Structure formats: C-alpha cells, structure tokens
Amino acid sequence: MNLTLHVWRQRSADEPGRMERYLAEDIEPEMSFLEMLDVVNEGLIAQGLEPIAFDHDCREGICGTCSQVINGEAHGPLANSTVCQLHMRQFRDGDEIYIEPWRARAFPVLKDLVVDRSALDRLIQANGYVSVSTGGVPDAHAVPIPKINAETAMDAAECIGCGACVAACPNSSAMLFVAAKVGHLASLPQGRVEAAHRVCAMTEAMQREGFGGCGNHYECEAACPKGISVKFIAQLNREYLKALPGKILGK
Amino acid sequence: MILDGKCPAGPLADKWDKHRQEMKLINPANKRKFKILVVGTGLAGASAAATLAELGYRVEAFCYQDSPRRAHSIAAQGGINAAKNYRNDGDSILRLFQDTIKGGDFRAREANVYRLAQVSNAIIDQCVAQGVPFARDYAGYLENRSFGGAQVSRTFFARGQTGQQLLLGAYQALSRQVAAGTVRVFPRREMLDLVLVDGQARGIVVRDLVSGEIRCHAGDAVILATGGYAPVFNLSTNALGCSVTAAFRAYRRGALFANPCFTQIHPTCIPVTGDYQSKLTLMSESLRNDGRIWVPKNRLDERHPNDIPEGERDYFLERKYPSFGNLAPRDIASRAIKEVCDAGYGVGPGKLGVYLDFADALARLGEPVIRDRYGNLFDMYHHITDEDAYRQPMRIYPAPHYTMGGLWVDYNLQSNLPGLFVLGEANFSDHGANRLGASALMQGLADGYFIIPYTIADYLARITPGQVDTNHGAFDQARQEVEAQLNRLLAIGGRRTAADFHRELGQIMWHNVGMARSATGLQEALEQIPVLREEFWQNVRVPGSGRELNQQLEKAWRVADFLEFAEVLTRDALHREESCGGHFRVEHQTTDGEARRDDANFSHVAAWEYRGTGQAPELHREPLTFENTHLAVRSYK
Amino acid sequence: MFHPTLFRNPVVRKLLMAFSGLLLAGFIVAHLLGNLTVFLGPNGINAYAHHLKQLGPLLWVFRGGLLAAAGIHVSFGLLLTLENRRARPMAYYRNKPQRSTLAGRTMIYSGLCLAAFAGFHLLHFTLRLLGPEITPWLDALQRPDVFSMLVIHFRLAGFVLVYILGMGALYFHLSHGLGSMLQTFGLNNARTLPWFGLLSSLIAALLAAGFAAIPALIFFGFITVQGGAA
Ligand SMILES: Cc1cc2nc3c(=O)[nH]c(=O)nc-3n(C[C@H](O)[C@H](O)[C@H](O)COP(=O)(O)OP(=O)(O)OC[C@H]3O[C@@H](n4cnc5c(N)ncnc54)[C@H](O)[C@@H]3O)c2cc1C
Ligand code: HEM
Ligand code: FES
Numbered sequence: 025m026n027l028t029l030h031v032w033r034q035r036s037a038d039e040p041g042r043m044e045r046y047l048a049e050d051i052e053p054e055m056s057f058l059e060m061l062d063v064v065n066e067g068l069i070a071q072g073l074e075p076i077a078f079d080h081d082c083r084e085g086i087c088g089t090c091s092q093v094i095n096g097e098a099h100g101p102l103a104n105s106t107v108c109q110l111h112m113r114q115f116r117d118g119d120e121i122y123i124e125p126w127r128a129r130a131f132p133v134l135k136d137l138v139v140d141r142s143a144l145d146r147l148i149q150a151n152g153y154v155s156v157s158t159g160g161v162p163d164a165h166a167v168p169i170p171k172i173n174a175e176t177a178m179d180a181a182e183c184i185g186c187g188a189c190v191a192a193c194p195n196s197s198a199m200l201f202v203a204a205k206v207g208h209l210a211s212l213p214q215g216r217v218e219a220a221h222r223v224c225a226m227t228e229a230m231q232r233e234g235f236g237g238c239g240n241h242y243e244c245e246a247a248c249p250k251g252i253s254v255k256f257i258a259q260l261n262r263e264y265l266k267a268l269p270g271k272i273l274g275k
Numbered sequence: 002m003i004l005d006g007k008c009p010a011g012p013l014a015d016k017w018d019k020h021r022q023e024m025k026l027i028n029p030a031n032k033r034k035f036k037i038l039v040v041g042t043g044l045a046g047a048s049a050a051a052t053l054a055e056l057g058y059r060v061e062a063f064c065y066q067d068s069p070r071r072a073h074s075i076a077a078q079g080g081i082n083a084a085k086n087y088r089n090d091g092d093s094i095l096r097l098f099q100d101t102i103k104g105g106d107f108r109a110r111e112a113n114v115y116r117l118a119q120v121s122n123a124i125i126d127q128c129v130a131q132g133v134p135f136a137r138d139y140a141g142y143l144e145n146r147s148f149g150g151a152q153v154s155r156t157f158f159a160r161g162q163t164g165q166q167l168l169l170g171a172y173q174a175l176s177r178q179v180a181a182g183t184v185r186v187f188p189r190r191e192m193l194d195l196v197l198v199d200g201q202a203r204g205i206v207v208r209d210l211v212s213g214e215i216r217c218h219a220g221d222a223v224i225l226a227t228g229g230y231a232p233v234f235n236l237s238t239n240a241l242g243c244s245v246t247a248a249f250r251a252y253r254r255g256a257l258f259a260n261p262c263f264t265q266i267h268p269t270c271i272p273v274t275g276d277y278q279s280k281l282t283l284m285s286e287s288l289r290n291d292g293r294i295w296v297p298k299n300r301l302d303e304r305h306p307n308d309i310p311e312g313e314r315d316y317f318l319e320r321k322y323p324s325f326g327n328l329a330p331r332d333i334a335s336r337a338i339k340e341v342c343d344a345g346y347g348v349g350p351g352k353l354g355v356y357l358d359f360a361d362a363l364a365r366l367g368e369p370v371i372r373d374r375y376g377n378l379f380d381m382y383h384h385i386t387d388e389d390a391y392r393q394p395m396r397i398y399p400a401p402h403y404t405m406g407g408l409w410v411d412y413n414l415q416s417n418l419p420g421l422f423v424l425g426e427a428n429f430s431d432h433g434a435n436r437l438g439a440s441a442l443m444q445g446l447a448d449g450y451f452i453i454p455y456t457i458a459d460y461l462a463r464i465t466p467g468q469v470d471t472n473h474g475a476f477d478q479a480r481q482e483v484e485a486q487l488n489r490l491l492a493i494g495g496r497r498t499a500a501d502f503h504r505e506l507g508q509i510m511w512h513n514v515g516m517a518r519s520a521t522g523l524q525e526a527l528e529q530i531p532v533l534r535e536e537f538w539q540n541v542r543v544p545g546s547g548r549e550l551n552q553q554l555e556k557a558w559r560v561a562d563f564l565e566f567a568e569v570l571t572r573d574a575l576h577r578e579e580s581c582g583g584h585f586r587v588e589h590q591t592t593d594g595e596a597r598r599d600d601a602n603f604s605h606v607a608a609w610e611y612r613g614t615g616q617a618p619e620l621h622r623e624p625l626t627f628e629n630t631h632l633a634v635r636s637y638k
Numbered sequence: 031m032f033h034p035t036l037f038r039n040p041v042v043r044k045l046l047m048a049f050s051g052l053l054l055a056g057f058i059v060a061h062l063l064g065n066l067t068v069f070l071g072p073n074g075i076n077a078y079a080h081h082l083k084q085l086g087p088l089l090w091v092f093r094g095g096l097l098a099a100a101g102i103h104v105s106f107g108l109l110l111t112l113e114n115r116r117a118r119p120m121a122y123y124r125n126k127p128q129r130s131t132l133a134g135r136t137m138i139y140s141g142l143c144l145a146a147f148a149g150f151h152l153l154h155f156t157l158r159l160l161g162p163e164i165t166p167w168l169d170a171l172q173r174p175d176v177f178s179m180l181v182i183h184f185r186l187a188g189f190v191l192v193y194i195l196g197m198g199a200l201y202f203h204l205s206h207g208l209g210s211m212l213q214t215f216g217l218n219n220a221r222t223l224p225w226f227g228l229l230s231s232l233i234a235a236l237l238a239a240g241f242a243a244i245p246a247l248i249f250f251g252f253i254t255v256q257g258g259a260a
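Protein chains in written order, with this note's numbering: chain A, 25 to 275; chain B, 2 to 638; chain C, 31 to 260.
Since the hints were derived computationally from the structure, they do not count as laboratory data.
These figures come from a predicted structure and were not determined experimentally.
Possibly wrong hints are sitting among the right ones.
Quick partial rundown of chain B residues pointing at chain A, CB under 10 Å, derived from the structure [unchecked claim]:
id, residue
1, Gln165
2, Thr238
3, Gln278
4, Met381
5, Ala500
6, Leu550
If the Cβ cut is set under 7 Å, some of the chain B residues that face chain A in the computed set are [stated by the list, open to error]:
id, residue
7, Thr52
8, Arg70
9, Ala76
10, Gln127
11, Gly132
12, Tyr139
13, Gly141
14, Thr282
15, Tyr450
Using N, Cα and C, we set each Cβ at its ideal position, and we do this for glycine too.
Please model the complete structure; the sequences and the hints are all you need to start from.
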C-alpha cells in the first residue's frame with residue numbers, strides 16, 4: 025500500500041520544527057510501524073536526505089523507548105500496545121498519517137520524534153524506591169503477602185515508563201506514572217514503611233519537573249500500552265490524604 | 002599461554018567463603034576516594050553500580066538508552082532460578098550447580114558455577130526486599146514454575162515480565178544512589194573505547210548520542226556489563242541497540258574474548274515475514290509444554306494446516322526424541338527444526354517455519370485452560386501475525402537469543418587486563434556451551450549484587466586511588482582514534498546503508514555459523530566476512546554529521562565492530578572441533594545425528610587475543626577440570 | 031506549621047479545588063431546596079427568604095464561608111489552568127481524545143461562566159439592580175416579596191435565557207466536577223470508576239434541571255402571581 029506521512033521534523037532542541045510530508049510506498053501490511061519508518065528512512069538516505077530520527081530499542085513493547093503520537097493518539101490507534109507493536113495492517117492504502125513526538129514541557133524535543141524523558145528518571149529518584157541496601161535482608165518467605173496485594177502491586181509495576189500518559193494528558197501530567205510507582209510500592213509491606221514520604225516527594229518532584237496537574241480526564245489510562253488503571257491515581261490521592269496530617273505537623 | 006582462572010583452592014563448597022575471608026577490604030572512609038566506571042545498566046550493571054555506591058565508592062554509570070531502566074534485561078520473560086527448595090522437591094545448591102554444569106555441556110568453570118548457585122538464594126531475598134512483585138500463592142508465599150533442563154521447580158517469576166521487574170528493582174536501587182549523590186548516570190552515551198594506562202584499565206571514551214560530543218571518563222576501575230552480541234546475526238531476539246562494541250573495543254585493547262562461538266538459538270520465535278524485518282520476537286519456551294511441533298509429510302503440501310489429515314503430518318520431535326518429544330532442550334529442538342526446513346518441509350513465507358499446534362491440548366483441556374496458561378502469548382502472536390492460534394497452529398522458527406561467550410574473566414570477574422571487570426552476559430563465565438532457561442537473570446544479579454562488591458575491593462585495595470585523570474596522554478590518544486574512525490565513517494559517502502551491510506552479515510552468519518556449522522561453511526564465512534568488511538569501508542553511506550543526534554552513525558559504528566568480531570566468532574567455531582551445547586559441528590555427530598563432545602581435546606576455554614584487523618587472533622587456553630561432576634553424555638532420546 | 035512546599039503540591043491544589051468545589055456544590059444543593067419552595071406559592075418562598083434574613087449574623091458566617099470557598103476555587107482554578115497549559119507549550123497538529131469529555135476539558139470556561147452568572151445573579155436578585163422594580167417590596171406579612179419578583183422577572187425572555195444558560199454551565203461543570211471530586215478524594219476504585227462518571231452527570235442534570243425549572247415554568251405560565259403554582 026501507499027501512504028502519505030506528515031512527520032514532525034526538528035533539527036535540534038533549540039531550532040523550531042515543522043511538519044513535513046513524505047510518501048511511503050509499497051508498504052506491506054505485515055510490517056510493523058517502525059519497520060515502515062525504516063523503509064522510508066532508507067529511501068530518504070538514498071535520496072541524500074536526512075532520515076527521520078525516532079527512539080526505539082526492544083521492538084517488542086517492553087523497554088518503553090518508542091514514543092510517537094500517531095494521528096493524534098499516543099502509540100497510535102491500537103489499544104494496549106506500543107508503537108513498535110503496531111502493524112501496518114491497521115492502515116489502509118492511501119491513508120494520511122500524522123506522526124508527532126510526545127509533547128510536554130517536561131519532555132523537550134531533542135530531534136524529530138526523539139524527546140528527553142529524563143524527568144521520569146528524576147521522579148523515581150524522588151523516593152520511587154524502597155530504601156534498602158544490598159545484603160542483610162530477611163528470607164523471602166519471612167513476610168507472606170496476600171496474593172491480591174501482590175497482584176495489585178504487579179498491575180501497577182507493569183509500567184514501562186514510556187511517557188504515553190504524559191503525551192496523552194491534556195495537562196501533560198505524569199500523574200499515572202507517579203501513581204503506578206506509589207501504588208506498586210504502597211501495596212507491599214516492604215514499601216509501606218516509606219509510603220507517606222514517597223507520595224509527597226514524588227508529587228512534589230512532578231511539579232518541579234514542569235508536568236501539569238491531574239485533571240481526572242483519564243486519557244492516560246486510554247493511552248497506556250499496559251492498560252494501567254486510573255484507580256492507582258485514586259490510591260495515590262488516598263495515600264496523600266493519609267500523609268497529610270504528618271506533613272502539616274512537620275512529620 | 003595457559004590461562005589461570007584463579008579459582009581458590011579447597012573443597013568446592015568452601016571456596017567462596019574462604020576467598021571472601023582472604024580478600025582485602027577497604028575502610029569506609031577510603032572508599033570515597035575510588036571512582037568506578039560502570040558501563041551498562043542492565044541487571045548486572047545496575048545492581049553493581051547501586052551496590053558499589055551503597056558501599057561508599059563514587060560511581061559513574063553509562064548506557065546507550067535514554068534511561069538506565071531500558072536495558073535489554075527488561076525483555077526477559079520466563080523467570081529467575083534459585084536453589085531455595087521452597088517446594089520441598091529436592092532442590093539444593095549442589096543440584097542447581099550440577100544442572101547448570103550439565104546444561105552447559107561441561108564447558109564452564111566449576112568454582113564459578115558453584116558460587117552462582119550459592120548466592121542465588123540471596124538474590125530472591127534482596128529482590129523481595131526491594132518490592133519486586135513476584136507471583137505468590139493464596140497463602141502469600143512465592144510461587145515457582147519448572148523450566149527446561151531441571152527436574153525441580155526453582156524458577157521465580159513475575160507474570161511474563163520477570164526481567165522487567167528485576168531490572169526495575171535494580172534501577173530503583175540505582176535511583177536511590179543517584180538521589181544520594183553517589184552515582185552519576187550518563188544515559189544516551191555509547192562507550193566507543195577503553196583506555197589503558199600502563200596496562201591497567203583506567204577509563205573509557207564515550208560519545209554523547211545527543212550532542213555527538215566525544216568525552217573521556219577516568220576511574221580507578223572499569224566494569225563492563227554491556228550484555229550479549231546476538232545481533233551479530235542481525236535478526237535476533239535482542240534489542241536493536243544491543244551490540245558487541247564495548248566488549249569488542251576492550252578486546253582490541255588486549256582483553257581476551259572467550260568462547261565467542263557459544264551462541265544460543267532459541268527454538269520458539271515468530272518467523273521472519275520479509276526483508277524489512279528488523280527483529281524477531283521470542284515466544285516463551287513454556288508453549289512447548291502443550292503444543293505439538295509438526296510439518297507436512299509432503300513438501301509440496303500447500304493446504305491450510307487444519308485441512309492436513311493426521312496421517313500426513315510429521316511430528317518430527319516426537320519421532321526423533323520419543324522420551325522428551327516436544328520438550329527436547331533448546332539446542333536440540335532448534336537444530337531439528339532447521340533440518341526439516343532445510344529439507345524443504347518448512348511452512349509459511351519462505352518456508353522458514355514449522356507448526357506449533359495446540360489443537361490436541363485445546364481438545365483435551367478446553368480453551369479456558371489454554372487461555373489461562375498462555376493467553377498473553379497467544380495475544381502477542383496475534384498482534385504480530387494477525388493469526389488466531391486458538392483456531393490454527395502457530396508458526397515458529399529458531400532465532401539467535403543469547404550468547405554464552407564473552408570477555409574472559411577470572412574467578413574475581415576480572416579480565417586479563419587489570420582493573421577491567423566484566424559482568425553479566427558480557428562475560429563468558431558461568432554457562433559453558435549452553436545456558437539453561439532462567440539462569441541469565443540469576444547470573445547478572447549474582448555478579449552485580451554479591452560478587453563484584455567483594456572482588457573489586459581486593460583489586461582496589463592494592464592500588465592508589467585517583468592516579469590518573471583524563472589529562473593523561475592515553476585519553477587524548479584514544480579520543481583522537483575514536484574521532485578519526487567516526488570521521489572516516491562519515492566521509493565514505495557510499496551507496497549502501499549500515500543496516501544493509503548488517504543484513505548481509507546476518508545472512509552469512511546465520512547460514513554458515515548458525516545452528517549447524519561445518520568446516521567448509523565456516524571457511525566460506527571467513528572468506529566472505531573480510532570481503533564484506535572491505536566493501537563496508539568503501540561503500541557505506543552515513544548521512545548527517547558527527548556533532549548531532551545521528552542514529553545512522555551509531556548503527557554504522559556498531560556494524561563496523563560486528564564485521565570484525567564476526568570473524569573472531571567464526572574462527573572460534575572452526576577451532577572447536579567438537580559439538581557441544583549450542584555449538585554443533587556437522588563433522589562431529591553420532592551416527593544418529595547427535596552432538597559428539599570431545600573432552601579429551603576440547604575441555605578448555607578458548608580465549609582469543611587481538612592481533613590486528615584481518616590478522617588471525619592468538620588462541621589461549623584455560624583448561625577445565627571437573628572434580629565434582631561426572632562428565633556425562635547428554636541424551637534426550 | 032505549613033510546609034512551604036505544601037501549596038505548590040499538585041495533589042494539595044487539587045484537593046483544595048475538590049474541597050472548595052464540594053462546599054460550593056453543598057451550597058447549590060441547599061439553595062435548590064430553598065428555591066423549590068417557590069412551588070408552594072408566595073407563602074413558601076417568601077417565608078423562606080424571611081427566615082434566611084432572620085438568621086442575621088449566622089447568614090454572614092455562611093456567606094463568608096461561601097465567599098472563601100469561591101475565592102479559593104476560582105483562584106486555584108485559574109492558577110491550575112494556567113499551569114496546566116504551560117505544561118504543554120505546543121499543541122498537537124492532530125489530537126484525538128479517547129476518554130476525556132468536552133465538559134472535562136472546558137472546566138475553566140464553564141467555571142468562568144458560572145462566575146459571571148453568579149455576579150449577574152447577585153446584581154439581579156440579591157442587590158435587585160436589574161429588571162423591573164417590585165413595589166412594594168414587602169408582602170402583606172412584611173416578608174420580602176421574592177415570589178412576585180420571580181414571577182414578574184421570569185416573564186421576560188432575556189432573564190430566562192441568562193438563567194437557563196447559567197444552568198447549562200452548571201450542568202457542564204458538575205457533570206465532570208462531581209465524579210472528578212470523588213477521584214480526587216480517593217474514593218474511586220476499578221469497580222466504581224465507570225459508575226461515578228454516570229452518577230456525576232445524573233446529579234448534575236438533576237441540579238441544573240431543578241433550578242432551570244423555575245424560570246422555565248414561570249415563563250410558560252405554569253406559575254402566576256395570582257395563583258402560585260397553577
Ligand atoms: C527476549 C529475551 C528473553 C529472555 N528471557 C530470559 C529469562 O526468562 N530468564 C533468564 O534468566 N534470562 C533471559 N534472557 C537473557 C537475559 O535477559 C540476559 O542475558 C540478561 O538480562 C543480560 O543482562 P546484562 O545486564 O548482562 O545486559 P543487558 O541487560 O543487555 O544490559 C546491557 C547494558 O549495557 C549498555 N551498553 C551496551 N553497550 C554499550 C556501549 N557501547 N556503551 C554504553 N552502554 C552500553 C546498555 O545500554 C545496557 O544498559 C532473555 C533474553 C531475551 C533477549
Ligand atoms: C457553582 C459553583 C461551582 C461549583 C459547585 C464547582 C464545583 C467544582 C467541582 C466539584 C470541581 C471538581 C474538583 C476536582 O476535580 O476534584 C470543580 C473543578 C473546577 N472548577 Fe469549579 N465549581 C464552581 C464554580 C467554579 C468557578 C466560578 C470557576 C472559575 C474559575 C471554577 C473553575 C473550576 C476549574 C478550572 C475546575 C477544574 C480544576 C482542575 O481539574 O484542575 N469552578 N468545580
Ligand atoms: S521499542 Fe521497546 S517498547 Fe517499543
């Protein structure tokens with residue numbers, strides 16, 4: 025099939041960008057979306073043009089590197105999947121496809137479709153962990169954990185950190201990302217010890233990094249390739265309310 | 002040269018404890034004076050960086066991805082082994098040790114493997130303490146599953162995302178140290194050279210993948226935890242950025258490369274559909290518990306698989322290996338699949354695939370049970386192929402998956418270059434000629450959390466911290482060499498892309514140095530690779546400049562290194578005149594087509610020393626002795 | 031006592047919005063219940079107005095609280111909206127919302143409409159600066175003759191239109207706001223999520239319809255000066 029692509033091109037962080045039009049010809053429906061871009065890039069290189077820069081690595085939906093807004097949807101039209109899991113059979117001959125980078129103040133564009141997501145790392149650095157050092161921990165069976173809590177923790181821990189929640193949120197909020205980590209750790213006894221400090225620290229970091237606030241629009245859940253539920257945002261709010269008295273009284 | 006693995010003397014079970022007693026320590030106040038460079042933030046690198054920083058060392062960590070959390074360890078699905086014996090089914094450290102040695106077809110060092118089994122239990126404890134949400138039963142205790150090559154259930158898992166959860170645990174531990182200011186992480190940096198000062202590893206040269214800047218970093222020791230080299234075959238289950246570059250550059254600086262020909266081909270991957278294909282996706286091995294593998298008996302049979310009657314199907318694994326059937330080990334199953342496809346019986350595009358059929362299991366157990374067991378895998382298969390495996394058989398084909406070979410290290414995980422330590426898949430240490438499922442995650446974390454913190458101290462305690470900085474001439478020299486090679490790549494202005502060369506290299510490697518290797522095929526590869534490399538340096542086209550984010554330039558450098566490394570791998574395969582584990586030489590098989598190991602002549606590690614591009618590398622041997630295991634022939638008939 | 035970062039925290043800000051929103055919504059419910067006395071005729075609503083007046087200082091406490099809530103809600107609402115916009119400096123060329131609603135994305139506009147409406151409403155009925163003058167203002171029992179005022183003013187299409195539009199804004203604002211508030215208070219879980227959205231629209235519709243019924247019924251002659259509710 026033949027397609028028309030409109031792709032965001034931007035040389036570097038400090039230069040302005042614009043949408044440019046390309047033709048993608050003889051595309052097979054079995055190709056993945058990224059393989060389609062590979063083919064387009066080979067064509068651009070052959071013509072002496074600059075290929076389109078885009079982030080990718082595992083190409084199987086787990087590393088969270090790929091990041092494109094396709095026709096106005098983060099990770100494209102297929103629910104519960106990443107761009108790299110999207111295949112061209114989702115499109116029809118003659119389709120026009122708009123490809124843009126994640127757009128958020130906290131994610132500056134580095135080049136074309138590549139953005140800087142280090143803000144997400146800094147959110148985890150704000151106590152998105154259990155403060156345990158290597159060694160000297162009890163046997164893994166010392167504390168039984170109800171299956172349901174372990175499952176809830178896993179539901180949240182499945183986050184791949186791609187940032188689609190931020191890209192899809194009208195406010196560019198990282199609330200679902202933060203809530204997934206807060207919810208993962210707060211559901212386990214090992215994470216409860218620091219739960220109060222964690223929820224405060226992570227939400228403050230979110231503000232510092234220039235993400236917006238949650239508007240309860242739930243676009244994040246719809247865009248999340250792992251289908252992480254906004255119930256974790258409610259859980260975050262509960263955790264925050266629990267932490268609030270301590271916070272006001274100065275801990 | 003005969004290499005010494007420096008394994009401590011004494012009974013196997015006491016070696017590590019005794020060694021730990023004997024190694025030197027560094028007092029807490031002095032640790033701060035040492036800076037350690039850790040390249041790689043996968044399970045091995047992240048766990049090492051976090052633990053060393055907790056101990057008080059200053060650490061700099063590097064990865065080519067935009068975040069340490071994205072290292073390819075994230076993709077491991079199945080699980081991680083440990084000798085906990087929580088199931089009361091007879092597991093023990095000794096049994097895990099024996100299974101790993103046997104699984105590796107007796108080509109690994111006993112002392113290393115025993116230590117791995119010893120620390121395996123602490124890994125699970127550590128991960129639980131970090132909040133890794135392993136699967137649990139209704140009583141709240143950890144679940145286990147069984148995996149190939151073992152008769153006990155010792156594999157711990159977190160749904161189908163064990164590697165992800167373990168890596169996030171290590172990444173969070175690392176993040177804690179970043180917050181504490183003890184680690185600096187440098188993401189989107191690719192190590193392009195190792196810097197030696199007076200024969201000691203003292204630093205690295207990295208390219209900032211965003212600005213293109215070439216920078217030097219100096220430290221008192223360098224740790225490489227840069228993963229495997231399976232993409233030397235182009236298509237593999239690895240991430241697209243995985244490369245041999247870091248290890249290969251260390252090799253060029255004098256580090257020995259051990260057993261490069263020990264590569265693992267995983268039997269159950271989704272087959273290739275076209276030339277544009279960029280990656281092969283692994284389907285968990287567990288599918289073979291309920292799926293039956295077959296091809297049509299008539300090679301011209303074009304019918305839909307559901308229309309081919311039972312009598313016209315060849316269940317070749319069940320036929321050849323009646324006792325193990327579809328559960329034959331990875332190397333054996335992969336080879337059998339290749340054989341039938343080579344003979345023209347394959348199915349699907351290019352006839353490179355066999356059926357993995359669940360019809361019997363569906364009839365016997367019902368769809369809900371199958372959905373419960375494999376639902377996510379069936380979905381993944383559907384995502385990629387648009388075929389419904391509940392209604393028709395899956396198609397699978399083997400794909401390069403893991404590389405047992407790697408930089409040579411001694412018992413302390415130190416390479417032959419003082420100050421250069423190698424962890425995880427990047428070293429060669431623990432899996433011999435074949436790795437058992439769920440053992441790579443174990444090894445990566447064992448190396449990072451529990452071994453390197455002790456052994457590196459022993460090295461550091463013997464040197465003076467901060468002796469060199471990046472002003473030393475060796476750094477300038479290395480940086481200039483890197484810049485020269487980058488400029489050379491950019492200046493060629495040929496007609497073919499780096500990806501195109503990678504595809505061609507992949508073809509050569511897959512056909513000649515893949516699952517079944519023959520002297521003629523290997524010789525052929527040794528002729529073709531240098532020709533291709535020549536052409537690469539004449540005809541590659543790398544657009545753009547070096548002073549910007551340039552993914553083509555990154556790719557070209559990696560392919561350039563693969564083009565040299567492929568030759569080392571092939572030479573090693575030619576040298577090893579035996580069949581063992583993942584290495585199958587057609588000349589060395591029994592009359593019924595099984596691997597024939599040659600313990601008399603090849604019970605050694607083959608470690609190669611660089612002698613110049615295009616020159617044959619020099620072979621060094623480390624003899625392997627088996628005092629605690631019985632050298633047996635693997636049979637799965 | 032208050033940590034300096036407290037009011038910069040996005041969750042705290044959101045909680046303030048939700049809490050002040052809850053107070054405002056509580057007022058709205060009470061106000062509606064009061065207003066519905068219009069259906070009892072002059073003896074209903076005039077008596078209600080009279081009782082309110084008699085509360086004296088208590089009424090001012092209420093008004094003060096309400097004003098504070100409104101002040102917090104409006105100032106943080108504006109602040110949050112500006113901040114959230116700043117978080118996305120460049121819009122997408124193509125944007126295809128999946129789950130969010132128009133109501134949710136336009137909270138600031140429905141909110142500002144409500145503020146404008148509240149101003150108009152105060153000028154109109156509290157300060158009585160708009161529309162035909164009602165003389166005498168006190169009824170036979172010396173109570174404010176709210177009933178006559180309503181019935182006379184709501185024969186005028188302009189007033190009716192403003193009130194109906196105001197209630198449209200109220201419906202819009204609350205159809206997102208109420209469900210959102212429950213989420214902010216952490217009362218949601220996977221099971222309640224779909225229902226709270228629906229419940230929120232339902233309550234918003236009931237409230238808005240309740241208020242809008244008064245001008246509408248008067249305009250169409252169902253309530254007249256003579257007979258009270260016809
Ligand atoms: C699909 C798949 C499934 C698997 N499933 C299992 C399983 O179930 N159980 C099991 O035990 N094993 C499994 N394995 C194997 C296992 O995942 C890997 O062997 C292991 O995770 C490797 O970890 P590592 O830390 O050594 O390397 P990696 O996780 O690969 O990390 C390499 C790191 O090095 C960095 N790096 C590499 N080169 C450079 C450079 N030049 N400059 C800077 N940084 C560099 C990368 O950025 C990355 O951070 C699986 C492997 C694959 C591919
Ligand atoms: C009748 C009066 C009002 C009521 C009952 C009301 C009620 C609410 C409620 C319940 C919420 C949800 C809070 C949450 O999401 O947790 C809300 C949100 C909001 N309100 Fe109001 N409101 C009123 C007036 C106003 C006014 C006058 C403004 C003008 C600025 C306004 C602006 C907003 C905004 C912008 C939000 C969304 C905040 C966000 O999601 O970030 N509201 N309102
Ligand atoms: S490339 Fe790894 S998730 Fe898409």
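The hints, checked one at a time:
Satisfaction of the interface hint for glutamine 165 of chain B is found here, the shortest Cβ-Cβ separation to chain A being roughly 6 Å, below the 10 Å cut-off. Because the closest C-beta pair between threonine 238 of chain B and chain A is about 8 Å apart, less than 10 Å, the hint holds. Annotation: interface hint on glutamine 278 of chain B holds; nearest CB of chain A at approximately 7 Å, less than 10 Å. Given hint, methionine 381 of chain B at the interface with chain A, holds; its Cβ is 8 Å from that chain's nearest Cβ, closer than 10 Å.
Taking 10 Å as the C-beta contact cut-off toward chain A, the hint placing alanine 500 of chain B at the interface holds, the least distance being around 7 Å. A distance limit of 10 Å between C-beta atoms decides the matter here; for leucine 550 of chain B the minimum to chain A is near 4 Å, and the interface restraint holds. Nearest Cβ of chain A to the Cβ of threonine 52 of chain B: about 4 Å, under the 7 Å cut. The hint holds. Hint on arginine 70 of chain B holds. Least Cβ distance to chain A is approximately 6 Å, under the 7 Å limit.
Restraint check, alanine 76 of chain B versus chain A: the minimum CB separation of about 5 Å is within 7 Å; hint holds. Satisfaction of the interface hint for glutamine 127 of chain B is found here, the shortest Cβ-Cβ separation to chain A being roughly 6 Å, below the 7 Å cut-off. Because the smallest distance between the Cβ of glycine 132 of chain B and any Cβ of chain A comes to about 5 Å, under 7 Å, the interface hint for this residue holds. Restraint check, tyrosine 139 of chain B versus chain A: the minimum CB separation of about 5 Å is within 7 Å; hint holds.
With a least beta-carbon distance of about 3 Å to chain A, the hint placing glycine 141 of chain B at the interface is held under the 7 Å criterion. A distance limit of 7 Å between C-beta atoms decides the matter here; for threonine 282 of chain B the minimum to chain A is near 5 Å, and the interface restraint holds. Interface hint at tyrosine 450 of chain B: satisfied, since its Cβ lies 5 Å from the closest Cβ of chain A, which is below the 7 Å cut-off.
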